[in-house]
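S.K.: The chain contents come next:
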Amino acid sequence: MVRDVIIVGAGVTGAAIARELSRYRLSVLLLEKEAEPAFGVSKSNSGIIHAGTQNPPSSLKGWLCVEGNRLLREELAWDLGLDFARCGQLIVVFDAADLPELEKIKREGEALGVKDLQIVDRRWLDAREPNLGPEVKAALYVPSAGIISPYRFVYALVENAVKNGVQLRTSSRVTAVSRSEEGFEVTAGGQVWRSRWLVNAAGLYADEVSALAGAPTFTISPRKGEEYLLDKKREHLANHIIFPLPSATSKGVLIIKTSDGNPMIGPTAHDTPDKEDLSTTDEGLAEVLAGARRMMPSVDRSDIIAYFAGLRPASGKDFIIRHEDSVPGLVNAAGIQSPGLTSAPAIAVMVADILKKRGLELVPKAEFHRLRPRPVHLFQIPLEETRRLIEKDPAYGDIVCRCELVSAQEVRDAVKHGARTLDGVKFRTRAQAGRCHGGFCTTRIMKIMQEELGLRVTDITKRGPGSELIKEERK
Amino acid sequence: MKERQLVIVGGGPAGMAAALAARGAGVSDVLLLERDQHLGGILNQCIHPGFGLHHFKEELTGPEYADRFAARVRGDAGIEVSLRSFAVRLTPDRRVSFLRPGALEEVKAGAVILATGCRERTREMIPIPGSRPAGVYPAGLAQKMVNMEGWIPGREAVVVGSGDIGLIMARRMALEGVKVKAVIEIQKTSRGLVRNVVQCLEDFGIPLYLGHKVARITGRDRVEGVDVVKVDERFAEVPGSAFSLACDTVLVSVGLIPENELLEMAGGEIDRRTNAPVAPEVNLTSVPGVFACGNACKVYDLADWVTRDSELAGRLAAEYLGVSPA
Ligand SMILES: Cc1cc2nc3c(=O)[nH]c(=O)nc-3n(C[C@H](O)[C@H](O)[C@H](O)COP(=O)(O)OP(=O)(O)OC[C@H]3O[C@@H](n4cnc5c(N)ncnc54)[C@H](O)[C@@H]3O)c2cc1C
Ligand SMILES: Cc1cc2nc3c(=O)[nH]c(=O)nc-3n(C[C@H](O)[C@H](O)[C@H](O)COP(=O)(O)OP(=O)(O)OC[C@H]3O[C@@H](n4cnc5c(N)ncnc54)[C@H](O)[C@@H]3O)c2cc1C
Numbered sequence: 002m003v004r005d006v007i008i009v010g011a012g013v014t015g016a017a018i019a020r021e022l023s024r025y026r027l028s029v030l031l032l033e034k035e036a037e038p039a040f041g042v043s044k045s046n047s048g049i050i051h052a053g054t055q056n057p058p059s060s061l062k063g064w065l066c067v068e069g070n071r072l073l074r075e076e077l078a079w080d081l082g083l084d085f086a087r088c089g090q091l092i093v094v095f096d097a098a099d100l101p102e103l104e105k106i107k108r109e110g111e112a113l114g115v116k117d118l119q120i121v122d123r124r125w126l127d128a129r130e131p132n133l134g135p136e137v138k139a140a141l142y143v144p145s146a147g148i149i150s151p152y153r154f155v156y157a158l159v160e161n162a163v164k165n166g167v168q169l170r171t172s173s174r175v176t177a178v179s180r181s182e183e184g185f186e187v188t189a190g191g192q193v194w195r196s197r198w199l200v201n202a203a204g205l206y207a208d209e210v211s212a213l214a215g216a217p218t219f220t221i222s223p224r225k226g227e228e229y230l231l232d233k234k235r236e237h238l239a240n241h242i243i244f245p246l247p248s249a250t251s252k253g254v255l256i257i258k259t260s261d262g263n264p265m266i267g268p269t270a271h272d273t274p275d276k277e278d279l280s281t282t283d284e285g286l287a288e289v290l291a292g293a294r295r296m297m298p299s300v301d302r303s304d305i306i307a308y309f310a311g312l313r314p315a316s317g318k319d320f321i322i323r324h325e326d327s328v329p330g331l332v333n334a335a336g337i338q339s340p341g342l343t344s345a346p347a348i349a350v351m352v353a354d355i356l357k358k359r360g361l362e363l364v365p366k367a368e369f370h371r372l373r374p375r376p377v378h379l380f381q382i383p384l385e386e387t388r389r390l391i392e393k394d395p396a397y398g399d400i401v402c403r404c405e406l407v408s409a410q411e412v413r414d415a416v417k418h419g420a421r422t423l424d425g426v427k428f429r430t431r432a433q434a435g436r437c438h439g440g441f442c443t444t445r446i447m448k449i450m451q452e453e454l455g456l457r458v459t460d461i462t463k464r465g466p467g468s469e470l471i472k473e474e475r476k
Numbered sequence: 076m077k078e079r080q081l082v083i084v085g086g087g088p089a090g091m092a093a094a095l096a097a098r099g100a101g102v103s104d105v106l107l108l109e110r111d112q113h114l115g116g117i118l119n120q121c122i123h124p125g126f127g128l129h130h131f132k133e134e135l136t137g138p139e140y141a142d143r144f145a146a147r148v149r150g151d152a153g154i155e156v157s158l159r160s161f162a163v164r165l166t167p168d169r170r171v172s173f174l175r176p177g178a179l180e181e182v183k184a185g186a187v188i189l190a191t192g193c194r195e196r197t198r199e200m201i202p203i204p205g206s207r208p209a210g211v212y213p214a215g216l217a218q219k220m221v222n223m224e225g226w227i228p229g230r231e232a233v234v235v236g237s238g239d240i241g242l243i244m245a246r247r248m249a250l251e252g253v254k255v256k257a258v259i260e261i262q263k264t265s266r267g268l269v270r271n272v273v274q275c276l277e278d279f280g281i282p283l284y285l286g287h288k289v290a291r292i293t294g295r296d297r298v299e300g301v302d303v304v305k306v307d308e309r310f311a312e313v314p315g316s317a318f319s320l321a322c323d324t325v326l327v328s329v330g331l332i333p334e335n336e337l338l339e340m341a342g343g344e345i346d347r348r349t350n351a352p353v354a355p356e357v358n359l360t361s362v363p364g365v366f367a368c369g370n371a372c373k374v375y376d377l378a379d380w381v382t383r384d385s386e387l388a389g390r391l392a393a394e395y396l397g398v399s400p401a
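Those sequence lines, one after another, are chains D and V.
What the first sequence shows, in the working numbering, is residues 2 to 476, in sequence order.
What the second sequence shows, in the working numbering, is residues 76 to 401, in sequence order.
Take these hints with a grain of salt, some might be off.
Claimed, not checked - Calculated lysine to any residue pairs in the SDA-like style (CA-CA distance at most 25 Å, straight line): (1) D:Lys476 x V:Ser319; (2) V:Lys263 x V:Ile345; (3) D:Lys448 x V:Arg266; (4) D:Lys393 x V:Asp302; (5) D:Lys233 x V:Lys373; (6) D:Lys138 x D:Ala128; (7) D:Lys276 x V:Ser172; (8) D:Lys448 x V:Gly177; (9) V:Lys305 x V:Ser319; (10) D:Lys472 x V:Glu133; (11) D:Lys472 x V:Glu224; (12) V:Lys254 x D:Lys138; (13) V:Lys77 x D:Lys276.
For the record, the hints were derived by calculation from the structure and aren't laboratory data.
Owing to the predicted nature of the structure, the values given are computational and were not obtained by experimental measurement.
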């Protein structure tokens, strides 16, 4: 069978493209090398839905960011049942001499179409951000910025795409691409798949996939960012996302609200040659702590409960979203560095448009399931609502994760919706993501996975083959 | 809303001792909530001997020690044990909400004893830099996997921290045929009992590196090794002293933290460093009628002392309720 479109990579970019194309009468296959979607860059980032400021006015990423923010706010967050919180952002300055810089960011943002920007003084800040340090003098207030759970965003896009007919294949790494009369022959996961069009959204490996397809036209250079999560007890540390004035290479160390309640500090920004290097370092921790404490001195090392690193898949300064004329039918969505999470919905529309201009017919489906039911998270709902759920379904009263209040039923739901690994359960439900790091609940979750998936315990992994948790079972 | 005289949260040695002592002191109605399917708490996974030497003057395993109390608790008609019941909320006026399969219940308690135990400090709290592969476990979790489930997590292990749990798990892993390459301790002396250093490490030929730390964990999907480095008096790395150990498992045993989230919800004062209740005396909290005992109150090395002090908590609750022995 020859499909219309194969998309490589189930990160936020590939997932958003899949969901966009699922509106039309097309056969679409989404190939992902990892055991689950969202295990690439899209799981380790700041989760900020940027407003669009701090991008050069003429850049692709600038307008895609503004448009992505709008699409999320006005359509997707509701349609897909996402927790998008529009908490707003503050870009703070420590020196009144930097005010002209803020004015410039404001002007450039306005040129891109960012709305309601406002320079605010220390009195305004004192009333709204009581934990800001004495060094902060003023800020640019950006109300349209917000936060989202990045992995749950990807899961929602993928689930909805699949519901609308997209085929998802995980553990399917694309290793070869050849041309045929109809288009492409793609080897992945021991199978050969055929399609007329090929969309490359392979994140850090987009350069390699493009080269496999015959267009070695760019390289991806990873830039590492370390992030440190704080205890939920510090949930009210900040009321906005707090940025310092950006430098040439980075937006600086931020204080970030997250949609799960734990504040986060980070990220660093350092080039690394290694696309697999997700290690954190003592230096990174020191840099992040110093940066965050300058804005909010009460941030303490003992508040940290978790940390991770992500790699921005950068290629030059801007996104690369284009049809490769040297390989007809190949569309690259590459170099999707920050603000890629925000831009994804707009990138998806742009890619669909490119395909259309090149000749792919986009006929809307008679029945497109726009809405996705919102999954239950006990930690988000009042106890009274929990009571009603438990009365319908007793397993919501069977608590597995005590730090984050996750029930056995939520873990089962996660597995039913595609979780195949311990990390997959964690990202979907938050079980193991709290202060004890799974000390109490890991064995219970593993047993539920055994029941639901019929696995031996030695087959259960943290995040796919190679990350098995148990070497041997003795009874 | 149902009223109960005394609600105890946690059915480990602390909660059980408090329940029995409260009964002895005249409390007629006790509700004991336990999240797990059994009474006994952490003792269920401590299958090694060394319990009861003080309280019973004989050497028992953890489950044996717990069973002696569990049998008495179950035999006491004045104590209602509610298993698989997780307390989610406590208010300053002592309303307790708990979830169990099929129900959310709320009770109003005359007095409350929190006996919720400890959680383990994790790798993230020290913190150890490096990658985040599978194979890094808090030692207590590994103990549960091995002793309760029969799951052997790895083949070659390094233990971080020389507290008793770390030492006991080093021996436990060695007994299961796992090669334990080293125990790494940042302090100059072991934090565990001398008898454990001898019986758990020396008898098994497991090297103990004092004044050393794990500077990095390596491996993408599964642990491949650790980098170890010597530290000076101020815990700074000694240049040139680093070496690597290959292993597939890292057990982290770097201390316990009292679980006091319920007390915090009720507005109780908590020491930000130790996470223990702030109070002038053991077993008290800053919320009237709410007591804390066992590992929730402070970290104990020996279950025997948990029992002794928790009995006092039971009597304090009786006194607060204004009852006296029948
Ligand atoms: C530290 C950090 C903080 C960030 N913060 C923000 C933020 O706050 N807001 C924001 O908007 N953006 C942010 N970003 C950027 C954002 O995370 C990325 O732009 C976005 O996640 C990129 O998504 P992607 O789908 O292009 O890449 P990925 O998520 O990496 O997806 C690519 C997928 O392709 C798969 N793949 C690769 N090769 C193959 C192959 N050969 N065959 C099959 N599959 C393959 C990968 O496994 C992966 O799942 C941040 C990035 C970092 C690193
Ligand atoms: C891993 C580990 C190994 C140990 N090894 C030894 C040893 O070898 N020798 C020794 O003498 N001592 C040992 N100890 C110490 C000793 O076991 C403890 O001091 C003792 O078990 C503490 O008793 P406890 O009742 O306070 O806590 P726990 O035994 O931890 O019991 C607390 C109970 O409260 C329940 N609970 C918690 N929160 C809730 C809630 N919200 N709702 C309902 N129930 C809840 C838990 O499920 C648990 O059953 C060890 C401790 C640990 C953590």
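S.K.: Between lysine 472 of chain D and glutamate 224 of chain V, is the straight-line Cα distance small enough, at 25 Å or below?
M.R.: holds, 13 Å
S.K.: Lysine 448 of chain D and glycine 177 of chain V were given as a pair; does the straight-line alpha-carbon distance stay at or below 25 Å?
M.R.: holds, 20 Å
S.K.: Is lysine 77 of chain V within 25 Å of lysine 276 of chain D, Cα to Cα?
M.R.: violated, 59 Å
S.K.: Holds or violated: are the alpha carbons of lysine 393 of chain D and aspartate 302 of chain V at most 25 Å from each other?
M.R.: Status violated; Cα separation ~52 Å.
S.K.: Are lysine 276 of chain D and serine 172 of chain V close enough, with their CA atoms no more than 25 Å apart?
M.R.: Violated, at roughly 48 Å.
S.K.: Checking one constraint from the list: CA of lysine 233 of chain D to CA of lysine 373 of chain V, max 25 Å. Satisfied?
M.R.: Holds, at roughly 22 Å.
S.K.: Given the proposed pairing of lysine 448 of chain D with arginine 266 of chain V, does the C-alpha separation stay at or below 25 Å?
M.R.: The hint is violated at about 34 Å.
S.K.: Against the 25 Å threshold, does the CA-CA distance of lysine 476 of chain D and serine 319 of chain V hold or violate the hint?
M.R.: violated, 34 Å
S.K.: Starting from lysine 254 of chain V, check that the Cα of lysine 138 of chain D is at most 25 Å away, please.
M.R.: violated, 58 Å
S.K.: Check whether the Cα positions of lysine 472 of chain D and glutamate 133 of chain V lie no farther apart than 25 Å.
M.R.: Violated, at roughly 36 Å.
S.K.: Do the alpha carbons of lysine 305 of chain V and serine 319 of chain V lie within 25 Å of each other, as the hint requires?
M.R.: This hinted pair holds, its Cα atoms lying about 12 Å apart.
S.K.: Holds or violated: lysine 138 of chain D with alanine 128 of chain D, Cα cutoff 25 Å?
M.R.: holds, 14 Å
Hint violations for this structure: numbers 1, 2, 3, 4, 7, 10, 12 and 13, all remaining hints satisfied.
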